[in-house]
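Chemist: Residue numbers (the numbering used here), protein chains in the order written: chain F, 1 to 101; chain A, 1 to 101; chain X, 1 to 101; chain Z, 1 to 101.
Derived from the structure by calculation, the hints contain no laboratory data. Here the structure is a predicted model, which is why all the values come from computation and not from measurement. Please note: incorrect hints may appear among the correct ones.
For chains that are exact copies, the list does not tell them apart, and a pair is met inside one copy or across any two.
To be verified - Capping the alpha-carbon separation at 25 Å, the derived lysine to any residue pairs in SDA-like fashion look like this:
| id | residue 1 | residue 2 |
| --- | --- | --- |
| 1 | LYS57 | ARG93 |
| 2 | LYS57 | ALA20 |
| 3 | LYS57 | GLY67 |
| 4 | LYS57 | ARG83 |
| 5 | LYS57 | HIS2 |
| 6 | LYS57 | PRO36 |
| 7 | LYS57 | LEU97 |
Protein chains: 4
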Amino acid sequence: MHVHVDFCLIPLGGELSVAAEVAECQRVLRAAGLEPQLHAYGTNVEGDWDQVMAAIKECHRRVHAMGRMRISSTLRIGTRSDRHQTLADKVERVERLLAGS
Amino acid sequence: MHVHVDFCLIPLGGELSVAAEVAECQRVLRAAGLEPQLHAYGTNVEGDWDQVMAAIKECHRRVHAMGRMRISSTLRIGTRSDRHQTLADKVERVERLLAGS
Amino acid sequence: MHVHVDFCLIPLGGELSVAAEVAECQRVLRAAGLEPQLHAYGTNVEGDWDQVMAAIKECHRRVHAMGRMRISSTLRIGTRSDRHQTLADKVERVERLLAGS
Amino acid sequence: MHVHVDFCLIPLGGELSVAAEVAECQRVLRAAGLEPQLHAYGTNVEGDWDQVMAAIKECHRRVHAMGRMRISSTLRIGTRSDRHQTLADKVERVERLLAGS
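From just these sequences and the hints, can you work out the full model?
Modeler: The structure is reproduced here in structure tokens:
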């Protein structure tokens, strides 16, 4: 099952800054063979469900290993059974509509 | 890794009502040995990461099998490395604070 | 516009526990005339869009006033133009389906 | 209060495609004086709390006016009381960490 995920990991407690943890997650996602697209409030990834979810679990494991004892993530998860669609397709389609308006 | 998940599955297209699909997800989660707590905008479950995530994947699979071709879910995922905490613990702690105030 | 909101406020940094802040938000929502329904990973409220959103803004303001310098909330927001539906309606409808199955 | 919002609006029922509705929201956000940053699973905006939230309410109103009778949006909302931070700051900080690693 192909999946689109928008993933935002938030460590609680300790330092206010979360940039080091977000950077570590980018490394984890890349090491899993994914192409994470960082945006200002999360990261988009796409791929096989099991591959993507295993990488997200590894992000939790690694951020705990950095000393962060509590994590709350939010995910948006999209799947389709009618046709294949990439993350890029979704953005392009909206941009074409805006350009034509 | 013990996980708390708040899961809200939304089928796109077709019927406006999503109650049948939400009910089906409750059945899937129970069949996976979980104890889903339905609330008005999602369902809370807790358990081993792999068990919970496999059940959520099965929810997507089953809702697609019901003829829904596009699904967008949102998850809040909580993990802790400092101590074990149940879903009930979280609610009780806030209610005790409210009762004492 | 009538709105259903599932609201989860997370203060970043400092103490790991967020129970005091969640309790304070319950007080803010009640003081705004709402009937918050606390669950294990958030709080459901319903009402007029402006009333609900003003109360959520006040939650951010009050949690900052408690000394929490950074907050990240997640909201699910539901609106319908076809008919009125309460938070309780949504849960009852799914429970009836489960009872009948 | 300055706010960062990641906003994802999903119309339920009817057509599977939501591109027209997402495009309309971009127009609404721009018309409100905001600079929406579309990504593959939502849109980031920043600005004054009241201005941003009024624009999001207008998105719901406009998508209902397009004939979509049910909408479920998800928002991530970030506020800070310690210092001003832009959406661009957040991405740059992570990218610097990744470049230096």
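Chemist: Each hint needs a verdict: does it hold in this structure or not?
Modeler: Verification of the hints:
In this assembly of identical chains, the alpha carbons of LYS57 and ARG93 lie at most 25 Å apart only when taken from different copies (24 Å versus 31 Å within one copy). Taking the closest pair of Cα atoms, LYS57 and ALA20 come within 25 Å of each other only inside a single copy of the chain (17 Å); across copies the shortest separation is 28 Å, beyond that limit. In this assembly of identical chains, LYS57 and GLY67 lie within 25 Å of each other by CA distance solely inside one copy; the values are 16 Å within and 30 Å between copies. In this homomeric assembly, LYS57 and ARG83 come within 25 Å of each other (Cα to Cα) only across copies, at 18 Å, whereas the closest approach inside a single copy is 27 Å.
Taking the closest pair of Cα atoms, LYS57 and HIS2 come within 25 Å of each other both inside a single copy (18 Å) and across two copies (11 Å). Taking CA atoms no more than 25 Å apart as the test, LYS57 paired with PRO36 passes in both settings, with 15 Å inside one copy and 21 Å between copies. Proximity of LYS57 and LEU97 under a CA criterion of 25 Å is satisfied inter-copy only: 22 Å between copies versus 36 Å inside one chain copy.
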